[in-house]
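Q: Assemble chain W onto chain G, guided by the hints.
Number of protein chains: 2
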Amino acid sequence: MINIAVLGCGTVGSGVVDVFFKNKESLEKKAGQELDLKYILDVRDFPDSLYADRFVKDFNVILNDDSVSIVVEVIGGLEPAHEYTRACLERGKSVVTSNKELVAQYGAELLDIAHSRHVNYLFEASVGGGIPIIRPLHMCLAANRIEEIAGILNGTTNFILTKMFREGVTFDSALALAQKLGYAERNPADDVEGKDACRKICILASLAFGSHVYPRDVYAEGITRITQEDVAYAAGCGSVIKLIGRAKRGVNGAPITAMVTPAFVSHDSQLGNVDDVFNGILVRGDATGDVVFYGKGAGKYPTASAVVGDVIECAKATDTSPSLRWEKSNGGNVAPREDNVTAMYLRCRSFESNSLEDAVELFGKVKALSRDGKPSNEAAFITPAATEREIDAACKKLEEKGVSILSKIRVLDY
Amino acid sequence: MINIAVLGCGTVGSGVVDVFFKNKESLEKKAGQELDLKYILDVRDFPDSLYADRFVKDFNVILNDDSVSIVVEVIGGLEPAHEYTRACLERGKSVVTSNKELVAQYGAELLDIAHSRHVNYLFEASVGGGIPIIRPLHMCLAANRIEEIAGILNGTTNFILTKMFREGVTFDSALALAQKLGYAERNPADDVEGKDACRKICILASLAFGSHVYPRDVYAEGITRITQEDVAYAAGCGSVIKLIGRAKRGVNGAPITAMVTPAFVSHDSQLGNVDDVFNGILVRGDATGDVVFYGKGAGKYPTASAVVGDVIECAKATDTSPSLRWEKSNGGNVAPREDNVTAMYLRCRSFESNSLEDAVELFGKVKALSRDGKPSNEAAFITPAATEREIDAACKKLEEKGVSILSKIRVLDY
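From first to last, the protein sequence lines are chains G and W. Position 345, counted from 1, in the first sequence is what the UniProt record's numbering calls 345; the numbers after and before it change by one each time, with no gaps. Position 304, counted from 1, in the second sequence is what the UniProt record's numbering calls 304; the numbers after and before it change by one each time, with no gaps.
Okay, chain G solo, but in the shape it has when bound (with noise of 0.2 Å):
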């Protein structure tokens, strides 16, 4: 008999107890033998549940409890949860969680105390909901070598962007729909600038290539810039935007890209379809090519069906992942964004007859675009590649000729 406790009864945490005791003669049978929610830990009283004798106050009750050697921490955010989660694994308790703002912190750390206690610390349900990818990365792909990773990682973010894309709304009343139907939090800062996406592609770099990467470290930058006019641009040369997460290997051990922006992707890629509140992630490797992963990356029982998963590799063994884990770093670790090489779309105003010459002459051959109704003083167009420093210093004297930059999003070729 397994003893589970869950900490935090709110979306994602009520989701996991509902999943368990549906699906709890399957879960022993994979499990291999008996599993009990013996606590559900929350501040709140929840006087009518199904299971309302499970519930404590007091985070002591379970760590001191030495039956429970199970610990699901759903409660996000980084405090309690980091010391719950410290004070479960130096207690000897395999923890699993959803919470990739802890993971993206405190990864290292927490992988270590696990490590060195001989227990787990599982996370798959922290990036990408319930499409499994943190397993398949560390374990499947464990004769390759990952050279690149890009992903849709915030389903609320691409549902404003497909609304955008498919009905020539705005951000603004995007976002409105989003939030009325659920999908983006009252306070959507952390989705729409990027921040969630941020936490996750810091996981997933961290992981494929061996040394905590810090949301710090990576630029991020979220959709509420993205106009109706972007949107006509990008749609009449085939390609969508989508806020893309993707980190990359430095060659020669030279430090990664990682960074969180708006991108143009061709509509007929595999990251350009997927819409609505899916999420697809690109994994390159140097032997299987391009894996790509694509399914609901949130909601209670995509993402509680990933943390139950997890439970069931607690139960199954403990300790078997001892190479789930990555190094601590400085930050060094990860390129200035200044490094990084890129195509630019930039939409610009106050464009003189001769304007677009000049552009060239900056840039060098730019791929001018059109929309129905442009201005005759708003001028498109696709940069070739450059640094990034490159870029900005054109940018510069583009502005200094008396020309306005109104956008700038990145242009990608998953």
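Don't read these hints as lab results, they were simulated from the structure. Treat the hints loosely; a few may be bogus.
In this list, chains with the same sequence are indistinguishable; a pair is considered to hold if it fits within one copy or across any two.
Taking lysine-lysine pairs in the DSS-like style, the calculated list, with each CA pair at most 27 Å apart, reads [said to hold, decoys possible]:
{"#": "1", "residue 1": "K408", "residue 2": "K300"}
{"#": "2", "residue 1": "K29", "residue 2": "K408"}
{"#": "3", "residue 1": "K29", "residue 2": "K328"}
{"#": "4", "residue 1": "K29", "residue 2": "K316"}
{"#": "5", "residue 1": "K57", "residue 2": "K408"}
{"#": "6", "residue 1": "K328", "residue 2": "K30"}
{"#": "7", "residue 1": "K24", "residue 2": "K57"}
{"#": "8", "residue 1": "K24", "residue 2": "K328"}
{"#": "9", "residue 1": "K24", "residue 2": "K401"}
{"#": "10", "residue 1": "K328", "residue 2": "K367"}
{"#": "11", "residue 1": "K316", "residue 2": "K30"}
{"#": "12", "residue 1": "K374", "residue 2": "K408"}
{"#": "13", "residue 1": "K195", "residue 2": "K328"}
{"#": "14", "residue 1": "K367", "residue 2": "K408"}
{"#": "15", "residue 1": "K396", "residue 2": "K300"}
{"#": "16", "residue 1": "K374", "residue 2": "K397"}
{"#": "17", "residue 1": "K22", "residue 2": "K180"}
{"#": "18", "residue 1": "K195", "residue 2": "K180"}
{"#": "19", "residue 1": "K195", "residue 2": "K163"}
A: Then chain W, alone, in the frame of chain G:
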């Protein structure tokens, strides 16, 4: 130190040897111990190989060497692969394979032997080449009830169909190109007649639904009869034709539906968007919803990397997957083709002016299709969903009215 032997040095086998020695250091780090590839079994001579001293021709040298604990079977085909695999497992050696024919035919038996000897029988490379699918299906989706699996499981036929759609060429000329490029074998029957895809859907269905699905019980239809006219009708209604292997859980414990057939799927769907030699596999779980795995389904290095990933798994722990098994069956676990409920595309000749009305009467409300250059005596339409028994009967009546049915392709809504 763990010693490994590779049985068979063909395309996949030589890829395994290459990947092993190229990545030996990182593989040892992941496995947590030293690894050596002690033997390579092949009937041929490889005097110029870098590893010539490791080649043996007598299987018993490997079988009787107790220092060899992991055997990679990449011979292919049923015999002697079956005999060798049995013998190795019975001697307590873990076996890793890419041999889909063997797993599809003898999986339940071989997994039983592996279980009784506390060793692994792993076959990630048998489906989807380098795409992680067996382990995610088995482990990450442990907390899901799998309802349905549908996939483009054969890269050769997908390449041929993609060429037919993009360039309007015939099946024969697309096949000739695939052969010229090395994507199709000189005898392409296993691919183009759906046998290869059938073995793969049998493995996925056995794993997902827990009882062995044998290839002989699964209706498999290839792509040899797909014409340029069918391609034109499909394109005209926003569809593509893909060779889809699928398996669906029966309602309330009824037998599963499993078959391999060409099918109309929407061009914009996650499967419709999988082109060229790529594979795509959709898994529908009760909690996760649809999850799709995409990548190169074949090829020397993608397949070899999946094999080597399984070798690492064996090196880390034997007996880690007691739940990676399914029960033997007598074949009653698969419903007859006639019970399958589907919409059907039909293309007919010698249609009189009122024949579409006859068709409406026979099939219910059909959707008429058109194409450029349609002869006046040709008609094509999609029937409403019905059992194949009902559709067969209606087709027979249509033929009795003097109508020839030229094409009959299932229409799916993935």
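Q: Hint by hint, say whether it matches the structure.
A: Checked hints:
no. : hint        : in the structure
1   : K408 - K300 : neither (35 Å within a copy, 41 Å between copies)
2   : K29 - K408  : neither (54 Å within a copy, 43 Å between copies)
3   : K29 - K328  : between (38 Å within a copy, 18 Å between copies)
4   : K29 - K316  : both (10 Å within a copy, 23 Å between copies)
5   : K57 - K408  : neither (49 Å within a copy, 63 Å between copies)
6   : K328 - K30  : between (34 Å within a copy, 18 Å between copies)
7   : K24 - K57   : within (25 Å within a copy, 50 Å between copies)
8   : K24 - K328  : between (38 Å within a copy, 24 Å between copies)
9   : K24 - K401  : neither (68 Å within a copy, 56 Å between copies)
10  : K328 - K367 : neither (43 Å within a copy, 61 Å between copies)
11  : K316 - K30  : both (8 Å within a copy, 20 Å between copies)
12  : K374 - K408 : within (17 Å within a copy, 48 Å between copies)
13  : K195 - K328 : within (21 Å within a copy, 49 Å between copies)
14  : K367 - K408 : within (14 Å within a copy, 46 Å between copies)
15  : K396 - K300 : neither (46 Å within a copy, 49 Å between copies)
16  : K374 - K397 : within (24 Å within a copy, 59 Å between copies)
17  : K22 - K180  : neither (29 Å within a copy, 53 Å between copies)
18  : K195 - K180 : within (21 Å within a copy, 49 Å between copies)
19  : K195 - K163 : within (21 Å within a copy, 42 Å between copies)
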